[in-house]
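The first sequence begins at 4 in this note's numbering and counts up one residue at a time.
The set of hints was computed from the structure by calculation and includes no laboratory data.
Incorrect hints may appear among the rest.
In silico DSSO-like links for lysine-lysine, alpha-carbon gap of 30 Å or less [said to hold, decoys possible]:
id : residue 1 : residue 2
1  : LYS192    : LYS117
2  : LYS127    : LYS256
3  : LYS77     : LYS204
4  : LYS395    : LYS427
5  : LYS371    : LYS59
6  : LYS13     : LYS232
7  : LYS177    : LYS154
8  : LYS427    : LYS454
9  : LYS189    : LYS204
10 : LYS95     : LYS204
11 : LYS282    : LYS98
12 : LYS189    : LYS158
13 : LYS287    : LYS416
14 : LYS192    : LYS177
15 : LYS154    : LYS135
16 : LYS95     : LYS282
17 : LYS77     : LYS95
18 : LYS371    : LYS463
19 : LYS427    : LYS406
20 : LYS384    : LYS332
21 : LYS179    : LYS168
22 : LYS154    : LYS127
23 : LYS117    : LYS372
24 : LYS454    : LYS416
25 : LYS168    : LYS273
26 : LYS416    : LYS447
27 : LYS158    : LYS287
28 : LYS372    : LYS273
29 : LYS13     : LYS270
30 : LYS270    : LYS158
31 : LYS117    : LYS282
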Amino acid sequence: MSLRIYNTLKGEKEGFVPVNKGKVGMYVCGPTVYDTSHIGHARSVVVFDIVFRWFKHLGYEVLYVRNFTDVDDKIIRKSNEIGEECSIITEKYIKEFHNEMDALNVLRPDVEPKATEHIDHIIKFIEKLIEKGKAYYVEGGDVYFSIESFKEYGKLSNRNIEDMKAGARIAVDKNKKSPFDFTLWKPAKEGEPFWESPWGKGRPGWHIECSAMSYEYLNMPFDIHGGGKDLIFPHHENEIAQSEALYDRQFVKYWMHNGFVDINNEKMSKSLGNFTMIKEVLAKYPAEVIRFFLLSKHYRSPIDYNEDSMKEVVKSLDRVYTFLERAEKAGAKKSNANNGPLWDDFTLAMNDDFNSARAIASVFDSVKKGNTILDSSDQGKDLDIVYSDLRKMGELLGIFLLKPSEYFEQKSKRVIEYQSLDPKEIENLIAERNKARANKDFAKADEIRDKLQAMNIILKDGPEGTTWKTE
RNA sequence: GGCGACUUGGCCAAGUGGUAAGGCAGUGGCCUGCAAAGCCAUUAUUCUCCGGUUCAAAUCCGGAAGUCGCCUCCA
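Start from the sequences, fold in the hints, and give me the full structure.
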């Protein structure tokens, strides 16, 4: 059983063969840091976090690079709007991004390069492109990449220049040799941040930073390049053009693109005003719930964010933790010795283009099997195997890693705080109910239970007394 | 206009040509004062529709309908 990956470049799944034996180089396009991150950013980051974890699990030595675009028109626009230096803005959002990704239990990449810290590399890259006749300088300070100089342009997104001309929506720029030539370097206007260059004071275009920085850290070709589906064109197409035109060899072996997050079946967009930010979702749901949700559908398909789905995920996660709690109370121990058949299913799913949705079925199968074992009289080693498998799945998915008690405590705390409840009052009500039960006054007991349920408190009567959980 | 994706039970969702995973909800049973949790059983002769290839198709090919995305520095 070996890893297969859907490669956008080929339009099909391929067996994974690393460029260098035993090693994986991966580069994922990170955010432009000018605003708060939304749930769509979270998906991309969480998806590639799983990819990163899985490669490491398979024993590869992984070098994971994810950039920050910290020089850009949007940043400059924001800077002008709020009268704050660009660097203040970018630092603020980098910090926010890190905090949110840490909350989502995303592993930090090995390198997080910033465009502004690689201007020298970028300038050298552009100079070499000009020398090779692949790019040209025009009066005024712009440098463009020449599409006509790269015959394979369009191979990633399956388009050709002639077709694009037919339906062109690009404004014609007299300076450009072809309307599809794109900017490598643009001159700074008054008051804009700039760097000195052979073409005067200016800043890099968007696409060039990824070509320059990936080359710096991963060389060429490297294994995995990822990002959202929207980046296929023009961003990644342009990266290929720049890098392959310059070095005359393959840039990236496997291109991976994640699908979008819709909100109530609508695209997230500024005009609809339905941008759902990570911090909003984190305020509503435990971080694990968000991760679980994002992994519950295959990464290439669109996923719809809505309250019903989130509530379902909350219930599913409760189920897993309920089992873990039960298993631990019964003395289940994690051992690395044996893997069960469900672990094999999980592995098959993950090896099949990181099919986390299918892998999650193994999680529930494990829970079911574990519960069955716990219900039977002889448990023996079987419980440990199922428990260990499940724990290992959790490590690779980055979910249900808490102690069950911690998970339920945090959850209760959230519900109690949200409703401004007093835990003492809850305990008092439970005591009162138990008194009524002892007196066989079940009408009163049920009344109290209903009252608590209205506060989202669910009671469970067991041999050791009554415990409660939040809905 | 160009390129591409999707359409599976009440809802969400896997599905690699060999006879429909998993979750949520529902129903019956065990347990319980009754519940809840957990367990067991059960819920698609069928995968948008129409053709074709094949011993065999949700899976491949052709066509139709519907939904959606990219082509606007939006993950």
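Practice problem: Just pull the numbers of the violated hints for me, sorted ascending. | Solution: When the structure is compared with the hints, numbers 4, 23, 27, 28 turn out to be violated.
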